[in-house]
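A.B. asks: Each chain is listed here by its residues.
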Amino acid sequence: MRVVVDLNRCQSYGQCVFAAPEVFRFQGAESLEYDHVPDAGSDQAVERAALACPAQAILLGRSAEAGVVSQAVAAEMR
Amino acid sequence: MTPRRIVIVGASLAGLRTADSLRANGFTGELVLIGDEPHEPYDRPPLSKAVLAGRTGTDRLFLPSAQDLNARRLLGVAATGLDLAAGEVRLADDRRIGFDRLVIATGSRSRPWPVPGEAALRGVHLLRGREDADRIRADLTAGPRRVLVIGGGFTGSEVASSCHDLDIPVTVALRGAAPMASALGEAVGTAIGARQRAHGIDLRVRTTVTALHGDAEGRLRRVWLSDGDELEVDVAVVALGSVANTEWLAGCGLAADPRGVECDAAGRAMGLDCAVVPDVYVAGDVARWRHPHFDAEPQALQHWGNAVDQAEVAAHNLTHRHQRPATALPAFWSDQFGLNVKSVGLPHLADQVVLTQGSFERGPFVAAYGRGGITVGAVAVNSPRVLDGYAALITERAPFPPAINATDSPADATVLSAGSNSAESSGPALTTVHGGQS
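Chains as they are written, first to last, in the working numbering: chain G, 792 to 869; chain Z, 7 to 444.
Since the hints were derived computationally from the structure, they do not count as laboratory data. Note that this is a predicted model, so its numbers are computed, not measured. Treat the hints loosely; a few may be bogus.
[Stated by the list, open to error] Okay, the calculated beta carbon distance ranges per label pair:
#1 Z:115 to G:817: 40 to 48 angstroms
#2 G:819 to Z:413: 21 to 29 angstroms
#3 G:832 to Z:104: 43 to 51 angstroms
#4 G:830 to Z:329: 41 to 49 angstroms
#5 G:835 to Z:365: 40 to 48 angstroms
#6 Z:367 to G:819: 17 to 25 angstroms
#7 Z:32 to G:809: 33 to 41 angstroms
#8 Z:329 to G:809: 41 to 49 angstroms
#9 Z:216 to G:809: 49 to 57 angstroms
#10 Z:100 to G:835: 43 to 51 angstroms
#11 G:809 to Z:303: 41 to 49 angstroms
#12 Z:216 to G:819: 31 to 39 angstroms
#13 Z:418 to G:832: 40 to 48 angstroms
Heads up, the beta-carbon is just placed ideally off N, CA and C, and yes, glycines get one too.
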């Protein structure tokens with residue numbers, strides 16, 4: 792699993808931090824930081840985080856090489 | 007009509023997103039991704055922040071792609087030439103790669119310190135790629151007496167913030183009147199600079215570095231500043247802006263120079279005669295173009311969001327007859343000293359700026375930027391959820407100063423000179439507009 796957040800789109804609602812606290816965190820009041828390459832055990836939590844984002848700012852994929860992790864999640868990204 | 011092989015030169019954000027979007031647009035032909043760095047595409051914004059502060063590592067920044075790229079990847083080899091007539095890219099290892107369509111996404115690099123002997127001292131760094139970040143991080147963990155940041159733009163300010171996170175004393179020397187003034191103007195730059203100083207940063211405006219001195223082992227030890235001061239410093243980070251990677255295009259017939267490759271809003275490269283060159287597109291930091299919404303000179307918008315937007319436009323136009331211009335409003339962010347700074351529009355074009363919400367002195371604030379009586383930009387500090395409304399004002403070319411009337415809007419809006427391009431001016435000129443929000 793790989794993650795990138797469009798931090799222009801992100802409005803720091805923090806839903807991802809609730810859904811996957813081991814991957815997403817705030818550094819300061821409004822600055823989101825996250826692990827771009829989370830451990831495999833976090834995959835489900837990260838997919839929930841992407842779906843929960845009110846700004847739809849979280850893009851998931853596997854590697855630049857491999858395909859989509861979840862078509863449903865990728866469809867949400869459009 | 008449909009190209010068989012598309013070659014993308016540049017394998018960072020713009021190149022990767024172009025490839026990703028080409029597949030999303032249904033392109034089934036051959037895709038070749040060429041990059042001079044040996045790594046898979048990775049995300050650069052964390053380098054100056056989470057990486058330097060030790061919250062993540064450079065081996066954990068790989069970028070995802072949503073599509074199966076099925077691309078041939080030539081990484082760790084630079085493009086050295088372009089033959090438009092033959093439709094070939096020349097590589098450093100003498101290979102030639104033919105193309106039906108080409109995307110130029112070679113980005114930019116840090117402007118080097120101008121004195122080569124000083125730039126070669128151990129402890130003197132640029133910050134662009136992951137190796138740079140690893141070297142700086144190693145020097146920061148060695149316990150330097152003080153770090154000197156040369157330049158007060160976004161990169162310099164973020165490096166200073168990361169040093170502060172690590173409790174390392176920092177001096178920032180910048181030529182202008184305030185940090186980030188060329189992007190945000192003097193008033194907002196001064197407000198953020200005051201907050202940097204409140205964190206203990208030794209911020210020296212209108213100050214240049216006159217000499218870097220090393221010891222017998224060639225290690226940086228001491229620096230001289232134009233204000234006459236002399237500091238004991240073990241690490242210096244040179245953050246003086248960037249230069250477009252266009253040398254490989256010399257003589258190929260494209261309008262390319264150290265400012266970038268000229269292209270139109272659809273991303274189509276332009277030749278020396280200012281005519282569109284068929285089948286060649288440009289995306290990301292290296293693209294120099296005129297955003298259709300703003301009355302401004304062609305310019306490179308060297309931000310993460312611009313790379314994504316232009317990549318998507320180029321991919322669309324490579325796969326469709328109808329050529330769509332890039333129209334998304336420019337946007338960028340910076341995180342430093344516990345402040346989330348977000349910008350929309352083009353604040354640097356402004357001649358005037360006004361505080362529309364909050365306070366420059368403390369807490370969150372928002373400033374709107376105007377040019378010729380039209381709202382052209384907005385900057386929000388620790389207030390990321392209000393910017394969509396400002397983006398709408400910029401899109402509709404709302405009169406400046408705009409009517410905001412938020413609960414935290416100041417009673418009197420003082421319109422200030424933006425001062426973006428006035429580093430030499432003695433201070434912002436004031437005009438008080440009573441009830442300026444309406």
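A.B. asks: Could you see if the CB distance from residue 809 of chain G to residue 303 of chain Z stays within 41 to 49 angstroms?
C.D. replies: 45 angstroms, holds
A.B. asks: Go ahead and decide if the range 40 to 48 angstroms is satisfied by the Cβ distance of residue 115 of chain Z to residue 817 of chain G.
C.D. replies: 32 angstroms, violated
A.B. asks: Honestly, do residue 100 of chain Z and residue 835 of chain G meet the 43 to 51 angstroms range at C-beta?
C.D. replies: 48 angstroms, holds
A.B. asks: Within 41 to 49 angstroms: is that where the Cβ-Cβ distance between residue 329 of chain Z and residue 809 of chain G falls?
C.D. replies: 43 angstroms, holds
A.B. asks: With 43 to 51 angstroms as the target window, see if residue 832 of chain G and residue 104 of chain Z comply at their CB atoms.
C.D. replies: 45 angstroms Cβ-Cβ, so the 43 to 51 angstroms window holds.
A.B. asks: Is 17 to 25 angstroms a correct range for the gap between the Cβ atoms of residue 367 of chain Z and residue 819 of chain G?
C.D. replies: Once the Cβ atoms are compared, 18 angstroms apart, the range 17 to 25 angstroms for residue 819 of chain G and residue 367 of chain Z holds.
A.B. asks: Using the beta carbons of residue 32 of chain Z and residue 809 of chain G, state whether their distance is inside 33 to 41 angstroms or not.
C.D. replies: 37 angstroms, holds
A.B. asks: State, for the Cβ atoms of residue 216 of chain Z and residue 809 of chain G, whether the hinted interval 49 to 57 angstroms holds or is violated.
C.D. replies: 51 angstroms, holds
A.B. asks: May I ask you to test the hint 31 to 39 angstroms on the CB atoms belonging to residue 216 of chain Z and residue 819 of chain G?
C.D. replies: Given about 35 angstroms between the Cβ atoms, the range holds.
A.B. asks: Between residue 835 of chain G and residue 365 of chain Z, is the Cβ distance one that fits in 40 to 48 angstroms?
C.D. replies: 43 angstroms, holds
A.B. asks: Take the C-beta atom of residue 830 of chain G and the C-beta atom of residue 329 of chain Z, compute their distance, and say whether it sits inside 41 to 49 angstroms.
C.D. replies: 43 angstroms, holds
A.B. asks: Do the Cβ positions of residue 418 of chain Z and residue 832 of chain G conform to the proposed distance bound of 40 to 48 angstroms?
C.D. replies: Between residue 418 of chain Z and residue 832 of chain G, where Cβ atoms are some 55 angstroms apart, the hint is violated.
This entry does not satisfy hints 1, 13, going by the numbered hints stated previously.
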